[in-house]
Amino acid sequence: MSQPSVISRRVATAAAVSLALVAGLAACAGPKSSDDADGGSGGSGTSGKPQKGGTLTVLNSNPQEDFDPARLYTSGGGNVPSLVFRTLTTRNRENGAAGAEVVPDLATDLGTPSKNATVWTYTLKDGLKYEDGTAITSADIKYGIERSFAAELSGGAPYLRDWLIGGADYQGPYKDKKGLASIEVPDDKTIVFHLNKPEGEFPFLATQTQTTPVPKAKDTGTKYEEHPVSSGPYKVVTNENDGERLVLERNEHWSAETDEERKAYPDKIDVRSGLDSAVINQRLSASQGVDAAAVTTDTNLGPAELAKVSGDKKLAARVGTGHFGYTNYIAFNPKVKPFDNPKVRQAISYAVDRSSVINAAGGSSLAEPATTYLPNQKSFGYTPYDHFPAGGTGNASKAKELLKEAGYPKGLKVTLTHSNDKDFETSPEIATALQAALKKAGITVELKGLESNDYSDTIHSASKEPGFFLAHWGADWPSGGPFLAPIFDGRQIVKDGANFNTGFLNDASVNKEIDEINKLTDLDAAATRWGALDKKIGEQALTVPLFHPVYKRLFGQDVKNVVISDWTGVLDISQAAVK
Amino acid sequence: MTTPLVQVEDLTIDFGTVRAVDGLSFTLEAGAALGVVGESGSGKSASASALLGLHRGTGARVTGTVRVAGTDVGTAGEAELRALRGAKAAMVFQDPLSSLDPYYTVGDQIAEVYRVHNSASRRAARARAVEVLDRVGIPDAARRARSRPHEFSGGMRQRALIAMALACEPRLIVADEPTTALDVTVQAQILDLLHELRRETGMGLLLVTHDVGVAAESVDDVLVMQHGRAVERGPVAEVLGAPRQPYTRELLASVPRIDEKRAAVPGPRAADPDAAPLLEAVDLRREFGRGARRVTAVDGVSLTVHAGETLGIVGESGSGKTTLGRMLVRLLDPTSGRLRYAGEEIGSFSEKAFLPHRRELQMVFQDPVASLNPRRSIGESVADPLRAAGESDETRIRDRVRELLERVGLDGSRYERYPHEFSGGQRQRIGIARALAAEPKLIVCDEPVSALDVTTQAQVIALLGELQRELGIGLVFIAHDLAVVRQVSDRVAVMRQGRIVEQGAVDEVYGSPQDPYTKQLLAAVPALDPAHAAARRATRSELAAA
Amino acid sequence: MSEALLVQEAGAAPVAAPASGARQFWLRLRAQRAAAVAAAVVLLLLLAALAAPLLAALAGQDPDTYHPDLVDSAAGGVPIGSFGGISADHWFGVEPQTGRDLFARVVYGARVSLGVAVAATVLQVAIGLVVGLAAALGNRWIDQVLSRITDINVALPLMVIALALLAIVPPSFPRPVLIALVIGGINWAGTSKIVRAQALALKSLDFVSAARLAGRGRWSIARRELLPSLAAPVITYAALLFPVNITVEAALSFLGVGIKPPTPSWGQMLTEADTWYQSAPTYLLIPAGLLFVTVLSLTVLGEGVRTALDPRAASRLRIGTGREERGERTKERAS
Amino acid sequence: MTGFLLRRLGGAVFVLLSLTVILYAVFYVAPGDVAQIACGPRCSPAQVAQVTEQLRLDDPVYTQYWHFLQGIVAGRDFSTGTGVEHCAAPCLGVSYQSDQQVMQLILTKLPVTGSLVIGAFALWILLGVGTGVLSAWRRGRITERVLTWLTLAGIATPVFVIGLLLIIIFCSTLQWLPSPTYVPFTEDPEQWAWGLLLPWVSLALIESAKYARLTRSSMLETLAEDHVRTFRAYGVGEPAIMRRHALRGAVAPVIALSALDFGSMFGGAVLTESLFGIPGIGRELVHAVKVVDLPVVVGMVLVTGFFVVLANAVADLLYALADRRVVLS
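Protein chains in written order, with my numbering: chain A, 8 to 586; chain B, 136 to 681; chain C, 135 to 469; chain D, -19 to 309.
For reference, chain A alone in the conformation it holds in the complex:
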């Protein structure tokens, strides 16, 4: 009797929703674009030139349960995996907006597009080696991508499946020995991707860990994550309790000459996870013993802790602030009455009290008001707009007026669906704040809190989707594409599975514009057009953007060279030094 084992362990946090980084793996933030480029608002805890050596301790709440490149979602697999896995391209490891750029990693450049950006060709650098000294070949990268199609190793982002020719039907190398024909490896250094439509953002996709080379001979299927073969500066020495305790040591076969991005100062990385977030912040603020050289890659300062930190200058100097492309918003399902009526949606847009929502999310230091769906960062093509100005605390009279026009002179009674997670995002606190604000506009809100799995199932089901609910969306990479397309592209409506086009928008002009932008390989030009598209879609009031979170995280007093990019928002541990 045999039963296939399984799959990702992707856990509630990730499942809930937005997907994207969010989850425990990479949450994060980088200094705000305005915060500039020279050191990040976090600054570098201690002055002095960073030196090699020492042990960097990582205190996390979520274990690195997935350590298989096929199963990681976030670009570069977030922080820790990126020390072990190199990818075709990668994030630019710099502070702020500069960090939102994509740069080559294993490949010599960002890829050569042809045939209207439907074919992308990459050439590998020379001298690339695994931890065992064997050479990395383009065939290994192809194999790494193919195995991510296996049901046993699911969990990655959907783009390869959606973009590669034949991707939708391919079941991975375990079932289909022939492999995926749309990936060609003419020689050991070259790899060619054939896409089913133009995708100017392919270089961004190439940052994902699925493009990490996996030597076929070393593949042990679901067991691979116990000891993945390193291509990066560190190798896994210990992996206990499914990623709860990780010890990484230097990979002697990694050469800094081939890797401009990873600084790899510490000799050893010690990841301890499964800690309560309050405990992590306590330890980081005390910064005693090993905790002096500690950081966290998944735990933000909560409002209470922020209150404490803001009263302590010394401690405040050890806070890294980051902005990650992320929006929390109200979503409407226009198929459900009364939200089919644009006036009702507009009325609610006018009525929201963003200041109390922001307070509920942790206050103005932890959240910035959002009136646009796209995050307020240049790389996304941020174009400011506020179609239904509610001011700081809501415009109740305008809302009432609209309700009257919509045929609800005596007010309205609606149900707001939210999750029961304690995440300050789609959580009850936010819903409660909205409830109080809408009451002023004569809208009685009943709250319906769902447990995480139920919530995720419900809001992503075309048939069960509620009319009025809290949602959030994070960037798979810092561009408008993965932010707008899944949500507003009418061809991505999924009837019998997880659907993310929650407004069921299927507008030919929107669909066409998305296709047009995808053809652009000039990413700056694309960004501008994404911004314009966002503004245009915003008029339909299918969502009410609420706030963009700001991430604040403590690091130990010995930590130097703190780099926080706008891409991940996380203090980048590949740059951190402890000596």
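Hints in this document: simulated from the structure, not taken from any laboratory.
A portion of the hints provided could be inaccurate.
As the list claims (entries may be wrong) - Listed below are several chain C residues computed to face chain A (Cβ distance under 8 Å; list not exhaustive):
#1 T199
#2 G211
#3 G215
#4 G351
#5 P396
#6 D408
Unchecked claim - If you only want the chain B side, here are some residues facing chain C, beta carbon under 7 Å, derived:
#7 A427
#8 L466
#9 L467
#10 R493
#11 R494
#12 M498
#13 F500
#14 A505
#15 S506
#16 P520
#17 R535
Ideal placement from N, C-alpha and C gives every residue a C-beta, glycine not left out.
Given the structure of chain A, go ahead and fit chains B, C and D onto it with the hints provided.
Chains B, C and D only, in chain A's frame:
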């Protein structure tokens, strides 16, 4: 003459508002034996405790002087008091099981006491424990010293307690009801032991007891107490033989006597031995537990009860008499055997099938506290059989209950009262009223008077007799007290280890017992006449030797 | 507190404590000063909970209104002013982040916390009574089956089942009711064990036999003869269960499956306030203090009830109602 | 004795099987698409269908249960994609969400929870019994009152509040202790102890309260018994009475309760484990419930249930050993 061993002057003890002892004075000379006799509540136990200063720290108020073996108990310091306790005067308590620590071996407990008063090594103290245990007649004392109290029988435990008292060779032993919890045969042995020890060691004995017979057997002088006061004191033969005080006379008159025949019964007693018996048990057996722990409580008992007659069942504890009684009214199912009632085989009836007859077989229980639900009014308890029979007219129920209460000699208006507002004897009457409410054909009385003082016993027994004559019901009277059984029964059955060893007309069995066990039982009953008691002690040792 | 202890403690109560009218019970309870004070405190808390809207109105506040102006948004939403923003308007200060009035939330929270705990306790006692009685009175088979079911109940991890059940039941079902049902439905084994043991002990008493002889059926006996006598141990046990239930509600909140906002409960407040210990201590101290006072009062009251239910206690309390108890056994005063 | 053990064994098997049936039933109706969760949020319906098939979630629930039982008796095989992994009997299955065999998972978590429980246990017995003895000895005096208040505070305070306060006081403010972390005993016994000290203390503070009460009440009960009167009447001093007789009376109930607590703590230290980040059974269990990882939930509950059942039997045995009057039945 030297100072007396015990000198009590004007002793008064108050518990809160209740005065337990009221101006008591007496003395006890070294080596003498004094019996303190009285009914419950007479203050006899409280007085005994005062001799060792045991009321200290309990909230009781003690005034007057108590001197024991040269120690002024009232004013002595803690250390002085501890030096008195056990070493000069030792106490033997009533309930031998609860008076020993269940967690330690008997030997260790005696050794502990010994070491308090003697600087002896652990080993020496243990040796002393074995020595005294051997002295009090524990067989194989060295081995039994390593047993825990629950592994001892009641008599053995009482011996162990006496051994503990002997350990430090005290000048006085205060024994508080030392035999009350024991069977007659064992009681006799313990009394004999005390007698012998006293003769041997010359220590003084203060014996507190409610049983005049026990006092008659064991002491030189007797002090009768009532309501906390001394009523009469004198040499035992004098007080018991020719009481001067009315209370003493009343007390003595109430004591049932084994050698006294049942008074002739006036009125109709429909005990026709030829008529079909009301209840017939054939070869009844009852087992408890399963497997290796199986115990046979009743082992093949056959008997008959006729309407209007009283069958007495006597036996010591563990003889199976209570189990038998409960089977007779179907509170317990027999393991095997037959039980015929009114011509029907009811032994195998299901509870449901038996229901029509259920109320015709009633029982009066031993413990007047446990047999009434403390949280229900007594009227409700008595009305239970009426309601269960389907009567729902509240007035009729009340009338009938009043009638019944009055019939058993209680105030019929006390329907709403709760059991704790009644004395033991009254509660027993309520129990009888409840049994009568069911209009029974047969009542099994399980030790109905053993928890009562003698004067009360006599009244309850008289009531039962009266009712039987009046209603013609059959009675089964179960008791351990041979004298009581003799007073009430037409026929008697003697039980031992689940079997009936002897059965017959009451005068025949008491007059010329056939079974050796019956003889032994009869010989163990304490006699009121001290002279007679000495003779019986001799008989007992003969029987024991035989 | 594990139920084993509770069993142990309540089990120490005498089987069929003899004789006590309601009045004597009351006398004995009143004679214990600590218990009397505790009873008053409990009563006060219950009243406060019942009169929550009134009390909040008296303070001129309600539990749901946001006061964004009373918190420092940039500092994470810490209340402005000393001691968590305590003022003439806000007697207990305001809640961090939202600025909602803490006094109003505390009194409304008392409703939920005490309500859930009362309901859960009642449920535990009710199920425990039925199962325990049935096991004690039924035949060997019924006893075996029910005892095994009780074992299963003991072995079921409360938190796991609570997590699962709270996810299954539709969110429209009132959460406090659900939580009471879950706590009550999962944690009754202790009660049933006590009831079974006590009922077995009582069953062998003569007055139960007498009721059988009177022709009463099993359930009639259980109701009339056993139930009144079970009251003592069960009440004692319930007084111990109650505070445990309050902390279980808090623990469920801590695990994220407790009472849902905006409904306040002490447990939920404690959980939220946990991290605010340093920056807004009153937020933690007020519900924690109240919880402590409640548990303390209930425990003292429980002890008091247990003492009062034991008539032998009367002599200790020197109110002279139980003194004759002992002598009574063997005494007849001229009847 | 043999009979006692056999009956207990039978009862235990019945209880444990019932637990698994209940869990299968509860999770059958629980919301949350296991395959979707296992697959990841952006899986296509086709991919989810593949995962469903792989996890055999398309089988009827009773078939799934049957396979579970078969696994316990005979073991099962699981595909890793590149090969087959054998899960030897007694096989509790493989996690839906990770690839670990449940048995292995349990074996890695047991020592962790074991460390927590054993240390806390020793501490709470010491603390609880000590407090109980002291308050029985000083009954009616101020010491007893203070101790009573302290124990009540222990009962009234949720462990997550006490735990956090301890961290703040000892790790942050006073900086006397390193932050709590779990280091396996086999790796470094000294760090193991230091790392677990605060969790031990937190649990002990809360648990010891009831032991204090139990010890005190048992001792007072014993002091009211007749045999204590006997020894007083024989001149035995009060200290010896307390030590030899009163305390002895508390031994049996304390031992019995300890066994029960010890057993139930294996699944019951959820809050402590969560707060201090101790990767033990309780925390894993809560996590597994949240992600609908049925094999892990069932396996873990079987283990915690086993400890509870075992503890019950051990408690009875110990009670009988401590108090020879008790007969095992």
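Here is what the structure says about each hint:
1. T199: At about 7 Å, which falls below the 8 Å cut-off, the nearest Cβ of chain A leaves the hint on T199/C intact, so it holds.
2. G211: Given a least distance of 4 Å, the restraint on G211/C holds.
3. G215: Cβ of G215/C sits 13 Å from chain A, so the hint is violated.
4. G351: Constraint on G351/C not satisfied, violated at 47 Å.
5. P396: 4 Å, holds
6. D408: Holds, about 7 Å.
7. A427: Violated - the Cβ of A427/B stays beyond 7 Å from chain C, reaching only about 19 Å at its closest.
8. L466: 5 Å, holds
9. L467: 10 Å, violated
10. R493: Result: holds, 5 Å to nearest chain C Cβ.
11. R494: 5 Å, holds
12. M498: Nearest chain C Cβ about 6 Å off; hint holds.
13. F500: With Cβ-Cβ at 4 Å, under 7 Å, it holds.
14. A505: This hint holds: A505/B lies near chain C, its Cβ roughly 5 Å from the closest one there, short of 7 Å.
15. S506: With Cβ-Cβ at 4 Å, under 7 Å, it holds.
16. P520: Cβ of P520/B sits 4 Å from chain C, so the hint holds.
17. R535: R535/B check fails; min Cβ-Cβ to chain C is 14 Å, beyond 7 Å.
Going through the hint list in order, the structure does not satisfy hints 3, 4, 7, 9, 17.
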